[in-house]
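Visitor: Each chain is listed here by its residues.
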Amino acid sequence: MSALQPSNPVLVVASLQTEFRIARGKVQAVRDVSFTLEQGERLGIVGESGCGKSAMALSIMGLIEPPGFIVAGSVKLVGQELVGLPDRRLRKIRGREISLIYQDASAALDPVRSIGAHLLEAIRNHDATIGRAAARRRAVELLRDVEVPNAERRLNDYPHQYSGGMRQRVVIACALAHEPTVVIADEPTTALDVTTQAQVLTLLGRLVEERRTAVVLITHNLGIVAEFCDTVRVMYAGRFVEQASTETLFTTPRHPYTSALLGSVPRVKQLLTGPLPAIGGSPPDLASVGPGCAFAPRCLRSRGREICQTTAPAAPLRTDGHIVECHFADEDDAILADETQ
Amino acid sequence: MRFFISRLVGGVASIFGASVLGFIFLRLLPANPTRLLLGPLASPAAVRALRLQMGLNRSVPVQYWDYISQFFRGSWGYSYIYGRTVRELIASRLPASLELELCAFAIALFFTLLLALLTTYRPHRFLSGLTRGLALFGQSTPVFWLALVSLVVFVSWLKILPGPNGQLSAGITPPPVTTGMVLIDSLLAGDLTAFWNACEHLVLPAVVLSLPSFGFLVRLLRANLLDVAHEPFLLVARGRGLSRWKTYSRHALPNAALPTLTASGLLLAQMLAGSVFVETIFNWPGVGALVVNSVSNEDYSVVQAFVLLSACAYVVLNVLIDLLSGVLDPRVRRRAA
Amino acid sequence: MSSTVAGAPLLVVENMTKEFPAQRRFLAGKASRPLLAVDHVSFSATRGETFGIVGESGCGKSTLTRAILRLIEPTSGHAYFDGIDLGSLDATALRAIRSRLQVVFQDPFSSLDPRMSIRDIVAEGLEIHGDGDRSECRLRAAEMLELVGIPPAVHGNRPDAFSGGQRQRVGVARALAMRPELVFLDEPISALDVSIQAQVLNLLRRLQLELGLTYVFIVHDLAIAEYFCDRVAVLYRGSIVETGARAQLFEAPLHPYTVALLSAVPEPDPKRSRHRQRIVLQGDVAPVHSDTVGCRFRARCPVGKDRALCATLSPPLQERVDAHQVACHFPGELRVSP
Chain Y
1 MSALQPSNPV LVVASLQTEF RIARGKVQAV RDVSFTLEQG ERLGIVGESG CGKSAMALSI
61 MGLIEPPGFI VAGSVKLVGQ ELVGLPDRRL RKIRGREISL IYQDASAALD PVRSIGAHLL
121 EAIRNHDATI GRAAARRRAV ELLRDVEVPN AERRLNDYPH QYSGGMRQRV VIACALAHEP
181 TVVIADEPTT ALDVTTQAQV LTLLGRLVEE RRTAVVLITH NLGIVAEFCD TVRVMYAGRF
241 VEQASTETLF TTPRHPYTSA LLGSVPRVKQ LLTGPLPAIG GSPPDLASVG PGCAFAPRCL
301 RSRGREICQT TAPAAPLRTD GHIVECHFAD EDDAILADET Q
Chain P
1001 MRFFISRLVG GVASIFGASV LGFIFLRLLP ANPTRLLLGP LASPAAVRAL RLQMGLNRSV
1061 PVQYWDYISQ FFRGSWGYSY IYGRTVRELI ASRLPASLEL ELCAFAIALF FTLLLALLTT
1121 YRPHRFLSGL TRGLALFGQS TPVFWLALVS LVVFVSWLKI LPGPNGQLSA GITPPPVTTG
1181 MVLIDSLLAG DLTAFWNACE HLVLPAVVLS LPSFGFLVRL LRANLLDVAH EPFLLVARGR
1241 GLSRWKTYSR HALPNAALPT LTASGLLLAQ MLAGSVFVET IFNWPGVGAL VVNSVSNEDY
1301 SVVQAFVLLS ACAYVVLNVL IDLLSGVLDP RVRRRAA
Chain D
2001 MSSTVAGAPL LVVENMTKEF PAQRRFLAGK ASRPLLAVDH VSFSATRGET FGIVGESGCG
2061 KSTLTRAILR LIEPTSGHAY FDGIDLGSLD ATALRAIRSR LQVVFQDPFS SLDPRMSIRD
2121 IVAEGLEIHG DGDRSECRLR AAEMLELVGI PPAVHGNRPD AFSGGQRQRV GVARALAMRP
2181 ELVFLDEPIS ALDVSIQAQV LNLLRRLQLE LGLTYVFIVH DLAIAEYFCD RVAVLYRGSI
2241 VETGARAQLF EAPLHPYTVA LLSAVPEPDP KRSRHRQRIV LQGDVAPVHS DTVGCRFRAR
2301 CPVGKDRALC ATLSPPLQER VDAHQVACHF PGELRVSP
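Protein chains in written order, with this note's numbering: chain Y, 1 to 341; chain P, 1001 to 1337; chain D, 2001 to 2338.
Just so you know, these hints were derived from the structure itself, not from any lab.
Treat the numbers as computed from the prediction; the structure is a model and nothing was measured.
Don't be surprised by glycine CBs; every beta carbon is placed ideally from N, CA and C.
Worth double-checking, as some hints may not be accurate.
Quick list of the computed label-pair ranges, beta carbon to beta carbon [what the hints assert, rightly or not]:
id, chain 1, residue 1, chain 2, residue 2, range
1, P, 1074, Y, 130, 54 to 60 angstroms
2, Y, 156, P, 1226, 29 to 35 angstroms
3, D, 2329, P, 1226, 55 to 61 angstroms
4, Y, 156, D, 2289, 21 to 27 angstroms
5, P, 1144, D, 2136, 43 to 49 angstroms
6, D, 2034, P, 1226, 37 to 43 angstroms
7, P, 1128, D, 2158, 27 to 33 angstroms
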């Protein structure tokens, strides 16, 4: 998906800000996030726990509940503004134009209701006119689409009778029941084995390809992003610190967090020796974010440079669509050892 | 299927065990019912004769078997104190107790559901505090104190409710007995004055009796609801476009209700086993008061029958609850089967 | 990475088997069959090396660890630690030897008692073994905590004051306070963030060099297994399907499961990954019963699915090339273009 294609964005997020007001202060989970999603595009959002990616997903779906609030920004789905929309209107959109695939499939299904019940609910929720028999047929069809064997019979099973991989397929089936324009998948394969993960991702890839669905894939696994996504955004402390096409990001990462992350994860057939170049320190507390760059305390590039502590970096758009939030975006650092060495 | 059968068989075994234990313990009591009946001046010969007649000289297992076989044939013994068969006695007093306890249970359940739902669906700080306070009060205050205080407040001071003279005031003609429960009977007979009067008499004891159970249940249900509220499948349901209320009622409530259901079944059984204080204080003609009297009078047969009946009630209710759990929660079925 | 020490094997596991008996139920129609969680697993770890056990969920790796350490009793088989048969020890002797054999568990959130300070948690093992009096134990605990990078100022805090990565370090400190020779690491970093994983791995290596430890590292992430371990065994449904030095196993895997597993690992290199040939295994893993016949991987194996030999005979673990062992009738037949 090069930058020269005619723009047909299905999702436009602009300056989104979400905060949680809890006892110890205001936690700014999402700090000024903006991105555009084209039809059929696969966007990957990479970040570790606490970086705000789940909060962002929920904000887009309008599922943030007090003590969380969307304090600023806009989310436009196919031109329709979602922020500020009352729940009864959002309900009509959720599950139909935009869907959520949640991380932990075993917890995403109601344990006291059958798989069929889940699918039927997903189907009939947005289509009140469909008859029971027709709904059931559609449910079987959906199960077959996600490659669950013996679909007809397994409709009556309960979630605990399905394996983890199959449960995730059911969740995907529910999410795609109405052929939404956008699907947000929040760590869809984290709880799964590697082989199951491969199955599920292949399946998901096929389904969204067939339907030209746009996908926002949230994960901490860089390998998945490389294989599945067209564009990537790296999230740190509630902001996107780097945005680029997948290829660009992996070949020429410019933000120090991105390159450190890429370097600290071992790969197969790499046969590394010596210590892993790890990132020292730990992720910041989002309740107390200072004025400067959030990554500065752990950043090797910022050593001895005051501007990183005092001023938040701006992100000028470069010619290749590669956006980096760093004062020294063009520098290249040799990966140094972390502090515990 | 295996699950249901195993539960039923377990139930029968429990009843058997309870009956044996009850029988044995009663026989071990240092009581001499014959002497009690005949008075301290009776001759030893007369005592022996009565013992023979009552069958107390035979071995305990024989007595037990005799009793059990009689029991299931409907013959529950004879009360020498009251001069009637135990069965008649209990049957005459049971409806009043049932009426009281079922009302109390219904009240407890209704308010539990209402308050638990209201306070967990959307945060209501005042209402939550009130509910919690009420629950604590209900659980920790002794029932007899509550009964007495309520009488003082509503009958003596405010004078809006009639005094503790049973189910109906003295001047009202009781309706013809169909179920034995005055409330229902008066409705069936179309006698509205009696009905209203019965309500007035029922209100106080039922509410007092319901408070401890309410306290327990509402805390349990609230806790379960709050726990379930964090489960991801609720979020996923909303992500599919379900409204908050539907998500709550269809997905959160059933999951939270299960442990509460089990507990409430046990509470009901407990209540059925005798709400002694309340019946005594309000002069309610129920089984609880009867049993207390029988114990102090060493009226074996009544107490024995009562123990066995309570055991049955407990076990039956437990089995029903278990079965219900199995129906509602497929995981229970799988785990146990 | 420590150089392969040509030392005597410190841990020898022979035919370790753990079967969970059929569950007898009241009014059971058909009793469920016995579950074979670990099936005749054999391997050895030499002093100073890191031996990896790789497998997916349900492969039995946790059961294997527990059976070796006698945290659960194995059905059959032996585990020899420094020549001593662990199965032959009585309760007292077993407890004594446990100070030389330690475990670090997966979940940093639940493996620490939330009511004790981390110093007490680390000192507890020492006190139980009667290694010096209370203050001495606490001193050694403090030393250990500093060694893993936790500053003395916070030693009095309870686990909930620490992050996941720090708690895992506490778990490591606790295991190492006993000065063990062999440490089992059961998925020690899976629950941690990516950037913290690297820190903990580096810590573990440093400690291994400083203290001369031998590791048995159980993991499901192949990349980490390749990076961290000298030799690796691949476990599938309770038995080892392939064992080899890391260069052998990862460069030239012989067993089709290993090949499929490696091809399923997503690679953070978009140019290569798009053109990679991948084998996506179908189906799910079901538990193995003792009456299962033939190769247990056959149902999902692209090589053996339709082959009679694979259906009737379970392949034994045999050495092919230079300590590279594989349990397959047709090893090396499945190849993927890199």
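Visitor: Take the hints in turn and mark each one as holding or not.
Guide: Against the structure, the hints come out as follows:
1. 1074(P) / 130(Y): 54 to 60 angstroms: Holds - the Cβ-Cβ distance for residue 1074(P) and residue 130(Y), about 57 angstroms, lies within 54 to 60 angstroms.
2. 156(Y) / 1226(P): 29 to 35 angstroms: holds, 31 angstroms
3. 2329(D) / 1226(P): 55 to 61 angstroms: holds, 57 angstroms
4. 156(Y) / 2289(D): 21 to 27 angstroms: holds, 26 angstroms
5. 1144(P) / 2136(D): 43 to 49 angstroms: Given range 43 to 49 angstroms: violated, Cβ gap about 59 angstroms.
6. 2034(D) / 1226(P): 37 to 43 angstroms: Given a distance of about 42 angstroms, which is inside 37 to 43 angstroms, the answer is holds.
7. 1128(P) / 2158(D): 27 to 33 angstroms: holds, 29 angstroms
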